[in-house]
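Whenever a hint applies, use it, and build me the whole structure from the sequences.
Given next are the chains, with one letter for each unit.
There are 2 protein chains.
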Amino acid sequence: MSRSELVSKLRSFLPRDAVLYETEDLKPYECDGLSAYRQTPMIVALPQTEEEVAKILQICHATQIPVVARGAGTGLSGGALPHNEGILLSLAKLKRILEIDPIARTARVQPGVRNLAISEAVAPYSLYYAPDPSSQIACTIGGNVAENSGGVHCLKYGLTVHNILKLRVLTMEGQAIEIGSSALDSPGYDLLALMTGSEGMLGIITEITVKLTPKPEKAQLVMAAFNDIQKAADAVANIISAGIIPAGMEMMDKITIHAVEDFLHAGYDLDAAAILLCEADGMTEEVADEIQKISTIMQESGAIKISISRNETERLCFWAGRKAAFPAAGRVSPDYYCMDGTIPRKRLAQVLHDIETLSAEYGLRCMNVFHAGDGNLHPLILYDANQPGELEKTEAFGARILEICIEAGGTITGEHGVGIEKLDQMCLQFKSAERNLFHAIKHAFDPAGLLNPGKAIPSLHRCAELGAMHVHRSENKFPTIPRF
Amino acid sequence: MSRSELVSKLRSFLPRDAVLYETEDLKPYECDGLSAYRQTPMIVALPQTEEEVAKILQICHATQIPVVARGAGTGLSGGALPHNEGILLSLAKLKRILEIDPIARTARVQPGVRNLAISEAVAPYSLYYAPDPSSQIACTIGGNVAENSGGVHCLKYGLTVHNILKLRVLTMEGQAIEIGSSALDSPGYDLLALMTGSEGMLGIITEITVKLTPKPEKAQLVMAAFNDIQKAADAVANIISAGIIPAGMEMMDKITIHAVEDFLHAGYDLDAAAILLCEADGMTEEVADEIQKISTIMQESGAIKISISRNETERLCFWAGRKAAFPAAGRVSPDYYCMDGTIPRKRLAQVLHDIETLSAEYGLRCMNVFHAGDGNLHPLILYDANQPGELEKTEAFGARILEICIEAGGTITGEHGVGIEKLDQMCLQFKSAERNLFHAIKHAFDPAGLLNPGKAIPSLHRCAELGAMHVHRSENKFPTIPRF
Chain A
73 MSRSELVSKL
83 RSFLPRDAVL
93 YETEDLKPYE
103 CDGLSAYRQT
113 PMIVALPQTE
123 EEVAKILQIC
133 HATQIPVVAR
143 GAGTGLSGGA
153 LPHNEGILLS
163 LAKLKRILEI
173 DPIARTARVQ
183 PGVRNLAISE
193 AVAPYSLYYA
203 PDPSSQIACT
213 IGGNVAENSG
223 GVHCLKYGLT
233 VHNILKLRVL
243 TMEGQAIEIG
253 SSALDSPGYD
263 LLALMTGSEG
273 MLGIITEITV
283 KLTPKPEKAQ
293 LVMAAFNDIQ
303 KAADAVANII
313 SAGIIPAGME
323 MMDKITIHAV
333 EDFLHAGYDL
343 DAAAILLCEA
353 DGMTEEVADE
363 IQKISTIMQE
373 SGAIKISISR
383 NETERLCFWA
393 GRKAAFPAAG
403 RVSPDYYCMD
413 GTIPRKRLAQ
423 VLHDIETLSA
433 EYGLRCMNVF
443 HAGDGNLHPL
453 ILYDANQPGE
463 LEKTEAFGAR
473 ILEICIEAGG
483 TITGEHGVGI
493 EKLDQMCLQF
503 KSAERNLFHA
513 IKHAFDPAGL
523 LNPGKAIPSL
533 HRCAELGAMH
543 VHRSENKFPT
553 IPRF
Chain B
73 MSRSELVSKL
83 RSFLPRDAVL
93 YETEDLKPYE
103 CDGLSAYRQT
113 PMIVALPQTE
123 EEVAKILQIC
133 HATQIPVVAR
143 GAGTGLSGGA
153 LPHNEGILLS
163 LAKLKRILEI
173 DPIARTARVQ
183 PGVRNLAISE
193 AVAPYSLYYA
203 PDPSSQIACT
213 IGGNVAENSG
223 GVHCLKYGLT
233 VHNILKLRVL
243 TMEGQAIEIG
253 SSALDSPGYD
263 LLALMTGSEG
273 MLGIITEITV
283 KLTPKPEKAQ
293 LVMAAFNDIQ
303 KAADAVANII
313 SAGIIPAGME
323 MMDKITIHAV
333 EDFLHAGYDL
343 DAAAILLCEA
353 DGMTEEVADE
363 IQKISTIMQE
373 SGAIKISISR
383 NETERLCFWA
393 GRKAAFPAAG
403 RVSPDYYCMD
413 GTIPRKRLAQ
423 VLHDIETLSA
433 EYGLRCMNVF
443 HAGDGNLHPL
453 ILYDANQPGE
463 LEKTEAFGAR
473 ILEICIEAGG
483 TITGEHGVGI
493 EKLDQMCLQF
503 KSAERNLFHA
513 IKHAFDPAGL
523 LNPGKAIPSL
533 HRCAELGAMH
543 VHRSENKFPT
553 IPRF
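Chains as they are written, first to last, in the working numbering: chain A, 73 to 556; chain B, 73 to 556.
Incorrect hints may appear among the rest.
Because identical chains share one entry, a pair is satisfied inside a single copy or across any pair of copies.
To be verified - When the alpha-carbon atoms are kept at most 27 Å apart in a straight line, the in silico DSS-like pairs for lysine-lysine are as follows:
(1) K514 - K238
(2) K303 - K283
(3) K365 - K283
(4) K503 - K514
(5) K238 - K418
(6) K287 - K418
(7) K503 - K283
(8) K238 - K283
(9) K283 - K418
(10) K365 - K290
(11) K303 - K326
(12) K365 - K395
Hints in this document: simulated from the structure, not taken from any laboratory.
The following block contains the structure:
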């Protein structure tokens with residue numbers, strides 16, 4: 073089917089402004105938060121109801137046209153990168169909150185509802201939606217489910233998969249299925265978890281029932297400065313092994329501290345090699361007790377300075393620096409590339425040291441700011457895209473960081489997904505037996521491969537080629553990379 | 073391949089006593105905890121290593137022989153019921169604890185390790201494994217994963233799926249795959265969740281990495297008696313909506329109270345229509361505060377008597393009655409049939425009333441004892457298998473209870489699984505679109521259908537037949553059953 077035929081077919085049930093195909097209209101959709109990858113879609117469709125989504129899918133299924141779903145486009149791994157011969161299916165207009173049940177503590181919402189809008193809507197009941205990605209003001213809950221998003225508080229409150237109960241999903245054929253249940257468990261295979269984090273490759277989500285969490289009575293923050301990153305890493309391990317599960321535990325290295333302090337004046341210690349922020353929340357007595365224990369452990373682990381937030385303003389001020397790390401990077405460098413890998417907590421100091429070595433090797437600065445409690449690193453590689461060759465060097469540096477994460481027993485993504493960015497690393501992360509199963513599952517849902525083709529799960533061919541290349545590279549340069 | 077050929081093939085790498093085929097040797101394996109269903113397997117194999125398991129699978133795959141995995145055989149839905157032409161694969165001898173990491177708070181164990189043995193092994197580090205099914209002294213962790221088991225404390229600490237990190241699994245071809253990760257999330261589709269609760273139909277688990285939980289500083293219990301079951305149900309809702317997540321919240325009805333008090337003399341109020349047990353655990357101050365809040369809510373909800381455990385002995389004594397509910401049922405009736413359904417908490421009182429009505433209709437007594445906090449009912453239907461027709465009546469009554477759970481917006485199993493017992497109810501719980509996806513997933517893992525055939529996921533044919541039957545039944549007798 074030609075583009076114009078498809079446009080008129082879509083316009084038979086969608087308003088004119090809900091079917092875009094002119095180059096200038098398509099431009100805003102050519103990338104998501106990973107701007108290094110760009111692609112213009114054939115058509116952008118902006119349905120407003122589930123029925124419209126179903127019709128679009130039925131047409132695409134009948135005519136074998138690829139479909140890429142998109143929420144707010146804040147994803148950082150290129151999961152919503154369009155397909156040049158496909159429809160970019162924006163779910164942004166499906167943004168109604170359908171039901172709030174304060175007794176069961178659930179809300180049923182459409183996929184285009186913003187993460188923060190849920191918390192705002194349920195605030196009158198002293199409830200909130202716990203997962204809080206940095207982009208929560210803009211990102212949509214549908215995208216959160218597709219990427220299984222986390223956030224600063226996921227150490228204590230879990231990822232998206234731990235905070236949703238039910239999904240309504242359209243298959244590629246446009247047929248509605250309902251998965252999950254109001255109970256803790258649902259019979260049959262766990263389709264709810266399978267769909268969560270599947271990056272738009274198994275179905276199109278049209279409704280999400282989320283769990284809501286009671287707002288804690290109190291939250292308080294300990295900020296500790298260390299003159300040695302190893303000591304800060306030890307403090308993280310010691311807090312966890314004391315049986316404390318902080319509401320958040322974030323670390324920043326020296327270069328980050330300087331960049332954000334310069335920008336925001338949050339009161340960070342400029343002599344520190346690392347700063348740890350550790351938050352406790354809950355009932356007032358419980359928080360007081362936990363803050364006391366955390367401070368003692370920080371001290372015993374060798375902190376050179378400890379500050380405890382005395383009020384809500386101070387708590388937010390301590391957080392402000394951490395939350396501004398990305399814009400601060402933008403101030404000290406023309407461009408930056410945000411990585412996302414996880415490692416076992418005990419390997420923190422060593423992996424940070426390895427990243428420092430690579431930073432010297434590639435001649436590129438790297439800020440380290442991360443969810444220390446769950447070992448989720450976000451190295452920000454600073455570069456200048458206008459310098460010839462620097463983007464390529466940055467990508468090679470980033471790939472090496474992910475390989476180090478795998479070698480340390482970790483994974484190539486904590487919360488940003490695989491998307492288009494980490495397809496090669498998936499070949500390292502998984503053996504062919506596991507990759508074959510991924511393909512078999514994809515085939516079970518979408519045999520024609522029309523949903524978000526080319527994302528998240530690398531083709532067998534790609535991994536075979538990369539394997540050959542890797543053997544070559546590892547013989548010459550990277551002797552520690554496992555061979556596949 | 074004949075039985076004797078298979079026996080000699082298996083004995084080429086397994087010791088003689090690890091391959092059973094004489095009738096008297098097969099007898100102990102003919103059922104699991106659901107003794108109403110019995111079947112003798114062709115052969116029982118008892119491997120001791122993963123390599124042996126892989127070889128058995130390779131042989132069965134090559135010769136198209138069904139394989140049914142079994143742990144301790146404590147399952148309550150017949151998930152481990154043997155196949156008459158298949159191998160019953162006991163994993164009981166794979167019972168080594170391979171690794172304990174008290175810093176990362178994980179343990180890597182083989183599937184035959186008993187649930188309680190994990191907690192015993194990690195007790196020196198003040199850690200334990202949180203999910204605690206009633207059978208925890210006997211049931212194996214492999215079986216727990218297969219059924220996604222819960223327990224009294226899963227309201228606060230989650231089900232099995234929330235307490236495991238990694239699995240090593242053999243496919244039906246005997247190939248090892250590793251799924252999950254040490255991080256909070258793993259890239260690719262969530263195979264870990266998919267495998268959990270899949271009742272041995274997707275692969276054979278050979279290693280499990282579990283999360284360990286720090287032992288709480290203190291635990292304390294509130295026991296409240298109510299003269300009206302509606303008021304007890306209100307108390308449950310009020311506690312949850314106050315933002316409290318109790319460590320456990322259990323309810324018993326009058327007939328249960330009498331049966332257990334008669335048996336154990338735990339101090340339960342014999343005038344009560346319902347007793348609620350509600351536990352708080354955590355740091356001492358936190359527990360004191362929570363117990364205070366819980367007691368106040370119980371009072372405001374109309375409790376006629378409230379007792380708070382004054383010490384550990386008293387706490388265990390209050391629990392003893394609840395934990396002895398099943399043996400107590402055995403004392404007041406020759407046989408009992410334990411059901412397992414979930415409902416939204418707000419429908420508790422109404423569903424209990426409906427069960428009472430059915431009890432009169434069928435002329436069978438029913439004890440109600442359940443995890444009130446998560447709406448997981450365990451009605452125990454009391455009957456006498458020696459009375460002709462009474463088992464059939466009991467099964468019909470049980471099926472009606474599950475249908476009521478579905479009608480109330482709940483599910484047909486909270487933690488016992490579908491197994492062989494609830495295949496018909498799966499046809500009611502899910503529409504054909506969802507059931508088709510279940511079959512497609514099964515096909516992705518085990519295209520020949522050799523792993524635990526005939527369990528958990530009903531055939532399309534079965535549901536079609538049942539659908540016809542149900543329309544008929546609903547026209548005559550059960551007008552509220554939804555038609556499929």
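Verification of the supplied hints:
no. : hint        : verdict
1   : K514 - K238 : both (21 Å within a copy, 22 Å between copies)
2   : K303 - K283 : between (37 Å within a copy, 25 Å between copies)
3   : K365 - K283 : between (30 Å within a copy, 23 Å between copies)
4   : K503 - K514 : both (17 Å within a copy, 21 Å between copies)
5   : K238 - K418 : between (35 Å within a copy, 18 Å between copies)
6   : K287 - K418 : between (32 Å within a copy, 22 Å between copies)
7   : K503 - K283 : between (35 Å within a copy, 24 Å between copies)
8   : K238 - K283 : both (9 Å within a copy, 25 Å between copies)
9   : K283 - K418 : between (32 Å within a copy, 16 Å between copies)
10  : K365 - K290 : both (16 Å within a copy, 17 Å between copies)
11  : K303 - K326 : within (14 Å within a copy, 58 Å between copies)
12  : K365 - K395 : within (25 Å within a copy, 36 Å between copies)
The structure meets every hint from the earlier list without exception.
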